[in-house]
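Working from the sequences, and respecting the hints, build out all of it.
There are 2 protein chains.
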Amino acid sequence: MRATTIHAPYDMRVEEVPDPVIQQPTDAVLRVLRACICGSDLWAYRGEAARQKGQRIGHEFLGIVEETGSDVRGFKAGDLVVAPFMWSDGVCDYCTEGLTTSCEHGGFWGAVGHDGGQGEAVRVPHADGTLVQLPADAASDDHLLTALLTLSDVMGTGHHAVLGAGVREGSTVAVVGDGAVGLCAVLAAKRLGAERIIALGRHQVRTDIALRFGATDVVAGRGDEAVEAVRALTKGQGAHCVVEAVGTEQSMSTAVNITRDGGAIGFVGVPHGSGTGLDLGVMFDRNIALRGGVAPVRTYIPELLPDVLDGTIDPSPVFDLTVGLDEVPDGYKAMDARTALKVLVAF
Amino acid sequence: MRATTIHAPYDMRVEEVPDPVIQQPTDAVLRVLRACICGSDLWAYRGEAARQKGQRIGHEFLGIVEETGSDVRGFKAGDLVVAPFMWSDGVCDYCTEGLTTSCEHGGFWGAVGHDGGQGEAVRVPHADGTLVQLPADAASDDHLLTALLTLSDVMGTGHHAVLGAGVREGSTVAVVGDGAVGLCAVLAAKRLGAERIIALGRHQVRTDIALRFGATDVVAGRGDEAVEAVRALTKGQGAHCVVEAVGTEQSMSTAVNITRDGGAIGFVGVPHGSGTGLDLGVMFDRNIALRGGVAPVRTYIPELLPDVLDGTIDPSPVFDLTVGLDEVPDGYKAMDARTALKVLVAF
Numbered sequence: 001m002r003a004t005t006i007h008a009p010y011d012m013r014v015e016e017v018p019d020p021v022i023q024q025p026t027d028a029v030l031r032v033l034r035a036c037i038c039g040s041d042l043w044a045y046r047g048e049a050a051r052q053k054g055q056r057i058g059h060e061f062l063g064i065v066e067e068t069g070s071d072v073r074g075f076k077a078g079d080l081v082v083a084p085f086m087w088s089d090g091v092c093d094y095c096t097e098g099l100t101t102s103c104e105h106g107g108f109w110g111a112v113g114h115d116g117g118q119g120e121a122v123r124v125p126h127a128d129g130t131l132v133q134l135p136a137d138a139a140s141d142d143h144l145l146t147a148l149l150t151l152s153d154v155m156g157t158g159h160h161a162v163l164g165a166g167v168r169e170g171s172t173v174a175v176v177g178d179g180a181v182g183l184c185a186v187l188a189a190k191r192l193g194a195e196r197i198i199a200l201g202r203h204q205v206r207t208d209i210a211l212r213f214g215a216t217d218v219v220a221g222r223g224d225e226a227v228e229a230v231r232a233l234t235k236g237q238g239a240h241c242v243v244e245a246v247g248t249e250q251s252m253s254t255a256v257n258i259t260r261d262g263g264a265i266g267f268v269g270v271p272h273g274s275g276t277g278l279d280l281g282v283m284f285d286r287n288i289a290l291r292g293g294v295a296p297v298r299t300y301i302p303e304l305l306p307d308v309l310d311g312t313i314d315p316s317p318v319f320d321l322t323v324g325l326d327e328v329p330d331g332y333k334a335m336d337a338r339t340a341l342k343v344l345v346a347f
Numbered sequence: 001m002r003a004t005t006i007h008a009p010y011d012m013r014v015e016e017v018p019d020p021v022i023q024q025p026t027d028a029v030l031r032v033l034r035a036c037i038c039g040s041d042l043w044a045y046r047g048e049a050a051r052q053k054g055q056r057i058g059h060e061f062l063g064i065v066e067e068t069g070s071d072v073r074g075f076k077a078g079d080l081v082v083a084p085f086m087w088s089d090g091v092c093d094y095c096t097e098g099l100t101t102s103c104e105h106g107g108f109w110g111a112v113g114h115d116g117g118q119g120e121a122v123r124v125p126h127a128d129g130t131l132v133q134l135p136a137d138a139a140s141d142d143h144l145l146t147a148l149l150t151l152s153d154v155m156g157t158g159h160h161a162v163l164g165a166g167v168r169e170g171s172t173v174a175v176v177g178d179g180a181v182g183l184c185a186v187l188a189a190k191r192l193g194a195e196r197i198i199a200l201g202r203h204q205v206r207t208d209i210a211l212r213f214g215a216t217d218v219v220a221g222r223g224d225e226a227v228e229a230v231r232a233l234t235k236g237q238g239a240h241c242v243v244e245a246v247g248t249e250q251s252m253s254t255a256v257n258i259t260r261d262g263g264a265i266g267f268v269g270v271p272h273g274s275g276t277g278l279d280l281g282v283m284f285d286r287n288i289a290l291r292g293g294v295a296p297v298r299t300y301i302p303e304l305l306p307d308v309l310d311g312t313i314d315p316s317p318v319f320d321l322t323v324g325l326d327e328v329p330d331g332y333k334a335m336d337a338r339t340a341l342k343v344l345v346a347f
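As they're listed, the protein sequences go chains A and B. So that you can map any letter, position 20 of the first sequence is 20 in UniProt numbering, and since no number is skipped, the others follow by simple counting. So that you can map any letter, position 215 of the second sequence is 215 in UniProt numbering, and since no number is skipped, the others follow by simple counting.
To be clear, the hints were calculated from the coordinates, so they are not data collected in a lab. The C-beta atom is built at its ideal place from N, Cα and C for all residues, glycine as well. Treat the hints with caution; some may be incorrect.
Unchecked claim - To spell it out: a stretch of chain B is covered by chain A in this simulated footprint if at least three of its residues, at any positions, have a beta carbon under 8 Å from a beta carbon of chain A; those stretches are:
{"no.": "1", "region": "94-101"}
{"no.": "2", "region": "260-271"}
{"no.": "3", "region": "277-285"}
{"no.": "4", "region": "292-301"}
As the list claims (entries may be wrong) - Beta-carbon label-pair distances, calculated as ranges:
{"no.": "5", "chain 1": "A", "residue 1": "Tyr-10", "chain 2": "B", "residue 2": "Glu-303", "range": "53 to 63 Å"}
{"no.": "6", "chain 1": "B", "residue 1": "Asp-11", "chain 2": "A", "residue 2": "Asp-285", "range": "21 to 31 Å"}
{"no.": "7", "chain 1": "B", "residue 1": "Gly-98", "chain 2": "A", "residue 2": "Phe-347", "range": "51 to 61 Å"}
{"no.": "8", "chain 1": "A", "residue 1": "Tyr-10", "chain 2": "B", "residue 2": "Asp-93", "range": "48 to 58 Å"}
{"no.": "9", "chain 1": "B", "residue 1": "Gln-52", "chain 2": "A", "residue 2": "Asp-320", "range": "55 to 65 Å"}
{"no.": "10", "chain 1": "B", "residue 1": "Val-282", "chain 2": "A", "residue 2": "Glu-97", "range": "15 to 25 Å"}
{"no.": "11", "chain 1": "A", "residue 1": "Gln-24", "chain 2": "B", "residue 2": "Gly-281", "range": "49 to 59 Å"}
What follows is the structure, encoded as structure tokens:
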């Protein structure tokens, strides 16, 4: 079969790789229908996260089960399923508590020796714990299938961010970051009943999606300018709930400075300097909490799925470019150049 | 009247200062019965926090109301009251929400132009918002009065720490720091029903108090040794709830490393390097939350007071040395040398 591999920074290839086979009785093999490229894949693409030459990549996908190991109980060949961005056994202490990202037998797609999502098929370890069943008729609904793909990462991660930020009915929320996760955080905040949602971002095509997702205000500045603008919108106090969906020093510093005393930052941007942006003295004086991390999206899928199926939320606008598998390298280029927000890979 | 002043690092004096008078109609003047020296006063004592020459100091005290301004409604001369370590108006947005430390008209005792608690009397701004009434007969109960004094800071701060750490019935808690706040956090955790309380500390006289306060385990090592010991006590996972009550790089680093995935650190140690001890990459991977800051103890006094009055909790053992006002400089020396845990000043 064919799959995306990374050979060096900026050197993405689509090449022939071995077909996945069942290795453990708890495995399934899945034929990919939809995959995509994540903002966090760009850390590897740009050489800021190390990868071995030829390593597989991609961690968001859905598709059809082709084969199951002898211990798999919940799925059979032909099932339409979505995979979260990490696999997990579903039975360890952490999985039982819903923290599937800390699973004792969990792992990342594309890790050395494992398939990535940007390929024709994937071996899925711990299929029963990892996969979530989708209605069979969704397979013939192009638009719905695209929306459902966001459950593998960005929609669940946006949901994790707003939970971390403490969003509830009536909240005032500010979202730092206009990537797909930031936009999904806007949608997730709206879904939980936030009254005021301030989206920070400088790209109008993206902030337009934020408005469509429920943002009530857009702040286009950065740094001090952004802080002043958010404070002007919030009686000078800042937002009680703030989402940090970037991971850089500046984005975290902005997040701290726009948080209201006693508020919380839900952080889901993979840290690339954001620790330095965290002024603990300010957080101490103002009782600002920090809560978040890698999102246990597997846990959130059963809650978010019905809302995607019935159209209560439609995260599909985060995809603004569709490519075939052979064009995945072009998709990376487009996301790196920010000419694409998020790239869908259709098989 | 006489009060403690700081003239330079290690130069504490007790000298004649002007008697406090009502300046605002919301003021009260309070005659101090009990005060004490706080671990955080040592930052000023050691020159690590700047003070003006002759500045007043001390932020924990209780006493008798001597005089009230014309707008004070809740108190009259002769009332026995305790003051939290900051004053607050009780009516602003933040006070209404319980975050009295962010009060729009709040401030710290001993700030330039304001009285400190380590003196014979104190002008109390916003008396109605700040002070809390105590039963009159407590004034003649030496032991109880000492226990009640902890409500001005350390007991409320310990309570804030365990709330930040998410302690509840059945929790496993680890407390980093064997100072008075750390010990009060042990007591606060026990009060909220924690099942297992691991106290980290190397001074047996202090960890003995921790055991008396409800600690189930004591870990005497530091750094990696402490981390391993806590993990050995917790199935290798760490504690779900961790209190950081020191504020240094090492204490925060230890706190992060002994927190279970998905757990929370309640931080109340005034940051003096602790930001550097915070590894955001680890916190992200393991979904560790950080929540805390300067404790709004004014809000907690009404909840904690009945338990102190009826003996459900007795935080008084945190005081192990009593001095008169003239001996306050010796009290600082003893706390700096760690020969005293916490010094009570009796008038």
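To see whether the hints hold, each was checked on the structure:
no.	hint	result
1	94-101	holds (count 4)
2	260-271	holds (count 6)
3	277-285	holds (count 7)
4	292-301	holds (count 4)
5	A:Tyr-10 - B:Glu-303: 53 to 63 Å	holds (59 Å)
6	B:Asp-11 - A:Asp-285: 21 to 31 Å	holds (27 Å)
7	B:Gly-98 - A:Phe-347: 51 to 61 Å	holds (54 Å)
8	A:Tyr-10 - B:Asp-93: 48 to 58 Å	holds (51 Å)
9	B:Gln-52 - A:Asp-320: 55 to 65 Å	holds (59 Å)
10	B:Val-282 - A:Glu-97: 15 to 25 Å	holds (19 Å)
11	A:Gln-24 - B:Gly-281: 49 to 59 Å	violated (30 Å)
Hint compliance for this structure: hint 11 alone is broken.
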